[in-house]
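Got two chains here, separate frames each, mind docking them using the hints?
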Amino acid sequence: MLCPHRITIITGHYGTGKTEFAVNLALHMAQRGDRVTLADLDIVNPYFRSRERRDLLTANGVSLISSSQACSDADVPSLPPQLHAIMDDRRITGILDIGGDKVGARVLARYRPRLIREDYHLLYVLNANRPEVRDVSSAITYLRDIESVTGLRCFGIVNNTHLCGETTPEDVRKGAALAMAVSEETGIPIVCHVAHEDHISALSDLREPLFPIQIRMKKPWEYPTITGRRSPK
Amino acid sequence: MAKELWKGNEAIAEAAIRAGCDCFFGYPITPQSEVPEYMSVHLPKAGGVFVQSESEIAAINMVYGAGGSGKRAMTSSSSPGISLKQEGITYLAGAEVPAVIVNCMRGGPGLGTIQPGQGDYYQATRGGGNGDYRTVVLAPSNVQEAVDFVQEAFDIADEYRNPVMVVMDGLIGQMMEPIEWKEYKRRASTEKPWAAGGKFGRDHTNIINSLYIEPEACDIHNQHLTVKFNLMAEKEVRYETVNCEDAEIIITSYGTPARIALSAMEVLAAEGIKVGLFRPITLWPFPEKALHDLAGKDHVKHILDIELSSTGQMIDDVRLAVEGQKPISYLGRAGGMMPSVEEMVDAVYKALGKEVK
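Sequence lines, in order, name chains A and B.
So in the working numbering, spot 214 of the first sequence is number 214, and the numbers just go up one at a time.
So in the working numbering, spot 224 of the second sequence is number 224, and the numbers just go up one at a time.
In case anyone wonders, no lab produced these hints; they're calculated from the structure.
Bear in mind the structure is a predicted one, so any value in this text is a computation, not a measurement.
Misleading hints may appear alongside valid ones.
[What the hints assert, rightly or not] Listed below are the simulated SDA-like cross-link pairs for lysine to any residue, each with C-alpha atoms no more than 25 angstroms apart in a straight line:
no., chain 1, residue 1, chain 2, residue 2
1, A, K218, B, E145
2, A, K102, B, P44
3, B, K357, A, P220
Just chain B, with the same shape it has in the complex (with noise of 0.2 angstroms):
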């Protein structure tokens, strides 16, 4: 099929409408509002529903009761209005409500810039909300991959019956790219006789809760969910690895910065310097055992974390990961600035304790 030239927003709205989303909820919010605005227009029209709320908490809550119901919904923010939804997916992980959340991750903290940031990764990986629970959560690095980790996000959260996120720095949600539509297939069953969207004829009722008031009752609530998350970080663990094969120097990173390596190892392939990026696809689960075995390889000397994140956020993943087998360095940019290609190549050679070419 042809591709054509589509938004990142606009596409991953056309994308969750094409995976068959029912329900829609949103609040504006740079640099995400194109999803919702896209979702009003075209969703009604593929027979779904949407509702601009009145705000991104009533937005989650909404999430909350179609997807209690067995609809296919979702919801999207950015950063700030992401903070505002965690309450919402705890009780959407307690309650084993499936449910897609976009974040177009902004700059923090608190309202921050509206130009790109990765610095939600502590709040999407570790669970913003209260108590013991994950969340999937895919990280594009493209357009396609935003359509196509979209569409897989419905499939993943009906499967484990868990919130699963997408989470893409602004720059994503904001670019005009190439796209192809390719045919979606749904990988599970669409059946839910969990859902409490009416009785059918069933002889009992069924509940929608995240209220175990017995502690023996919430601790067996708590075991069960655990074997989920086993099992999730089990099975849907992803990443790439490009030219890691003999590479002196792993760059880490992810989503646009990710992008950004690419072009700063074809400097560095030009002046002789081996390197190679490995890519969380998934920030949970980390591929934590694939980086353990690269790290642990003879031929690599050094680990370079780059993020967009002042302080850095997914190096406490990649620490976890490498075990200190290799010396690891990090590139930080925030406030929306982006590390340019020659910033990352500078990065290289001082982590290396070569002298810039």
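The shape of chain A in the complex, shown without the other chains (with noise of 0.2 angstroms):
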């Protein structure tokens, strides 16, 4: 079972499509049944955010935590006290959402000491694409940096290597070649290689498992639509 802990956080340099990945997730642990709560906790980012699929997350029975949800386009980096229920309620299966690089995993340090009497894991996305991971050293540094600002060990590597809509299954294994070096280093595992669910037959052959994604977090251009009104094909 992917991730099976109770509490997941999910981090990474910005821009390594930790929010993607984050959202399916929640989705893809709804559908085995978990009480799935999703907190966006990106201070960071000010667009492409969790909190832009609501609808879509709790039509499936997600929930949603959002920073600063009475007024959720404000540039204030402040902190839902609902992310408490998280730890509190030992029935909900969590996912944190943390903003890019050690700045956005700043904000998890005040949560260390309730996080670490809960069963979690914290995991590392890594884009292979990304100029500032794209070799072994960058990642590793990026990856202490995050474990020091965060007093939290991480447990595993999530290989989220991507292109956006020009992404390839070679991608995948270019990000599969570093994501393996970089747990070579680390001795820290690798939990999955994230791809397309079109590319997934074709990646069938890498040793870890592989985690079937859709693209939920669509641009404005990208359609069908979320209403799905209108598709020309």
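So, in structure tokens, the structure goes:
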């Protein structure tokens, strides 16, 4: 089972695709019967947030907690008090989507004393096409920075190597090689390789589990649109 | 070269460094803060100077000083911050100092919203500062264009000794997209014999100045600038057309809405509507003649202007270019909202007086 721990914390350099992974993971967990709460704790990025998919998540039984909910586009790094529910209520499967980099990961530090008493794991999302984490040493530097800022240890690597709409299975393989090298150097296991569901069959030879996703964080020109009313195909 | 995934704001900062940007002066404001953030880390490593100024006004005046000394200087901000820079921009234009100014536009007026907008079209194309001046205004529609245009902006600025603006809605600054780093080639000489960067044995002192107190002298200076603006208007105009050859309706749009329009056009084409896109790439000089000629074609029945603006701003230039040859409709969203593919499709049907399928 993918991510069997009660609380999954998703971190990584920004632009690696944490939110896309988080939204897909939440839907996956809800489908397998978990009572899922996804917390959007990104205090760095103002756009492309999981809260933009609130309707989709809610319709699929996922509760969404987002920072400064009363005014979700305020440029204020405030954190939602509802977050404590994830730690206090052990019936909940929680996903914490953390903003990019060690700057974004700093929000986790205040919850450390509470988190370490729970069954949690912290994941590090890697995209080999992002210039600042494309080689082993820089990828490890970012990983260690996030660990030192949060005071939490990384349990697993998620290879989410993509090039948005231009992603090919070769990109996933490139990321798999980077993830493998990071894993060998650090001893941290690879949790999964994320791939669009259309690419899964072309990647079946990879040793670690594949996590098939659909693109949920669409840009305004990417159709069919959310309402699906007009699709040319 | 293999493509890499870059965030728009980081990419334009890196593009500027690769284009030989010597100095960056800026102040944080969402949604452009990644530009100064990236510059603060990477520009000093490339031998340049980064200063986080005490205000936007200070930043543009630092650009004025650095540009006047012959350095390639740049600043960036978002809408309310660009308003603060207008005084500096008119001084740059008056004193003929090259500079690159990026506006990662958000919704207004006033503080508005941090979400994307295009409400600064008038400010960019009419000159938000005082006096008779023009700035070339480049409007990218994706991250690759943002990279390419920022690099070219330095060349255009140097060539005409004039500030150049790159304006993009916040989405382009914030989004991730695959881009390719092309080899950057300067299009003009790097010599700046006019610069006040040291006398270096010259027999005269170079002076950077926009004050011409004698009316005759100020008139001559204005005439000189006008010759230059006319040359820019003649040589720098750029636009893109898509499927305009037999279109019955032309969408005029730039930046992100132009990109949404391409998706709407696919939907409309599948439903049998002949629709084209006319996308100004330079907002000033506006591609007036090209749009005028296109609107005059028999197959074109209607123009639909689409902007991230409640009132419509570019539509004034569209009207001036079309000169009443064809009717013009408008679709605008503001406050950070985007017109959807569906809304554009419906607006096309409405403009053509056809029933929505």
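Going down the list of hints, with the structure as the test:
With a C-alpha separation of about 20 angstroms, the suggested pair A/K218 and B/E145 falls inside the 25 angstroms cut-off, and the hint holds. Among the hinted pairs, A/K102 with B/P44 is consistent with the structure: their alpha-carbon atoms are about 22 angstroms apart, no more than 25 angstroms. The straight-line distance between the Cα atoms of B/K357 and A/P220 is roughly 21 angstroms, inside the 25 angstroms bound, and the hint therefore holds.
Of the hints listed earlier, there is not a single one the structure fails to meet.
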